[in-house]
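J.: Using the hints, position chain G against chain F.
Chains as they are written, first to last, in our numbering: chain F, 222 to 495; chain G, -3 to 163.
No lab work stands behind these hints, which were simulated from the structure alone. All values derive from a computational prediction rather than experimental measurement. There could be a bad hint or two in this list.
Here are the simulated DMTMM-like pairs of lysine to aspartate or glutamate, each with C-alpha atoms no more than 20 angstroms apart in a straight line [as the list claims (entries may be wrong)]:
| # | chain 1 | residue 1 | chain 2 | residue 2 |
| --- | --- | --- | --- | --- |
| 1 | F | Lys390 | F | Asp418 |
| 2 | F | Lys387 | G | Glu136 |
| 3 | F | Lys233 | G | Glu43 |
| 4 | F | Lys426 | F | Asp463 |
| 5 | F | Lys488 | F | Glu442 |
| 6 | F | Lys231 | G | Glu43 |
| 7 | F | Lys409 | G | Glu136 |
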Amino acid sequence: MQQIIYFFQKFKYFLFFLLLEFVALFFIFNNLSFHKSKFINSANSLTGGLYYQYSKITEYLNLKEENKLLAEENTKLKNLLSKRSVNPGIKDSTVLDTTRYYQKYTFSTAKIINNNYAKDFNFITINRGENQGIQKEMAVVNSRGIIGITEHTSKDYTRVQSILNKNSKINARLKNTNYFGTLGWNGKNYNTVQLSDIPRQAPIKIGDTIETGGKSTIFPEGILIGIISKINEGNSADNKVDITLFNDMSSLGYVKIIKNLYRQEIKQLEENNE
Amino acid sequence: MNSSLRLIFLFFGLLFLQVFVLNNILFLGHINPYLYIIFVFLYPLKENRIPFLFSTFLLGLGIDLFSDSGGIHAFSLLIIAYTRLFFIKLYFRKVTTDYAFFKLKSEPFGKRFNYVVTLTLIHHLIYFSFANFSLNNISEVFLNTFFSTVFTLILYFLGSYLFNKTE
Chain F
222 MQQIIYFFQK FKYFLFFLLL EFVALFFIFN NLSFHKSKFI NSANSLTGGL YYQYSKITEY
282 LNLKEENKLL AEENTKLKNL LSKRSVNPGI KDSTVLDTTR YYQKYTFSTA KIINNNYAKD
342 FNFITINRGE NQGIQKEMAV VNSRGIIGIT EHTSKDYTRV QSILNKNSKI NARLKNTNYF
402 GTLGWNGKNY NTVQLSDIPR QAPIKIGDTI ETGGKSTIFP EGILIGIISK INEGNSADNK
462 VDITLFNDMS SLGYVKIIKN LYRQEIKQLE ENNE
Chain G
-3 MNSSLRLIFL FFGLLFLQVF VLNNILFLGH INPYLYIIFV FLYPLKENRI PFLFSTFLLG
57 LGIDLFSDSG GIHAFSLLII AYTRLFFIKL YFRKVTTDYA FFKLKSEPFG KRFNYVVTLT
117 LIHHLIYFSF ANFSLNNISE VFLNTFFSTV FTLILYFLGS YLFNKTE
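Extracted from the complex, chain F is given alone in its bound form:
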């Protein structure tokens, strides 16, 4: 017994050091897995609140860019509206506007209060949380394309796994076709992401547009991602192509969070099948 006490006495600093290192390692490994990151993240009220105050000051620097984005989006929506307003004048059939009754998604606005893009595992913090109905695994987009997936929520803040995260995997496809692939990031350039596992027979060309596939319950179909900038000529197994994002991930302001109203139902159905 005395030996043990002596041992602890002698190595108490080293043991304390080991203990703290194990705690740190525990946090590191928890942070890397999508579902377990409960402890150390910036979506708690303390860091979230401080980042919110900070972003109040810095948001003035991006007002020009933000205005431009809004104007672009307005033009896009106006164009969509004017397409619809052509009335063919056919009166012999009743028009049933099913979109009104079968709403599938709801959108809500949030502001990015902390944005990382220079690391390998990047996260974004936004100023909406459980109190505003945000849950985990909801899509985060802006008018130029996808940004990430909500991952961990606190009362008023949410941490978003950016698409610039090595763990990120998103279903994506060539625009207007049904050739699917998986969107990931290799951690190098924040303007470029990689689309892998796209079928070999798919007619890919440099400059083709890539959009979300709609095969997951998170992203709706057809949200823009980017254009193909490089095609691998070799015979690699995963057939990777580089994609230049439409979004400038280094300057993001306001975003939209998309909630899939049928997500619960689809999930349940898929779980029952297993």
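T.: What follows is chain G alone, placed relative to chain F:
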């Protein structure tokens, strides 16, 4: 000023400096200085090291909280905090009785330089290895370590020059 009060100021000062200013520098796209490690250099040498180890752990964890990096900063900062004593013995040839009188800024520049460079390199190497978390981009880890170390050291020596002048 009271020494423990000074340490608390230093703790929060470095935390907020790192999180709100230095993390946003991103020189050439991704190079940041990690100046918060000077907490390890400036913390006075004492016989009882438990409070020192614990406060460095908290500082690292605080920076992890803000930068969403799990516990990487805490892990790497704790390592240099623990090995500090070994390097002090190695470079400055101090024994236990000297601890109370040890002051980094009164040591000769050459020895101080060696000591600071060694600890900074160790910290940055461990930090970037964990931040990368794979064996694929080893060269990138070394490059990042090198550039960030240079950046941190420039800031540290500029800062120590400025602050020592005024006293």
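J.: Against this structure, judge whether each hint is valid.
T.: Here is how each hint holds up against the structure:
With a C-alpha separation of about 12 angstroms, the suggested pair Lys390(F) and Asp418(F) falls inside the 20 angstroms cut-off, and the hint holds. For the hint linking Lys387(F) to Glu136(G), the alpha-carbon distance of about 15 angstroms falls within 20 angstroms, and the restraint holds. Taken as a hint, the Lys233(F) and Glu43(G) pair is honoured in the structure, with Cα atoms around 12 angstroms apart against an allowance of 20 angstroms. Pair hint Lys426(F) plus Asp463(F) holds up; C-alpha atoms about 11 angstroms apart against a cutoff of 20 angstroms.
Pair hint Lys488(F) plus Glu442(F) holds up; C-alpha atoms about 17 angstroms apart against a cutoff of 20 angstroms. Restraint check: the Cα-Cα separation between Lys231(F) and Glu43(G) comes to about 13 angstroms, which is no more than 20 angstroms; the hinted pair holds. Pair hint Lys409(F) plus Glu136(G) holds up; C-alpha atoms about 10 angstroms apart against a cutoff of 20 angstroms.
Of the numbered hints given earlier, the model fails none.
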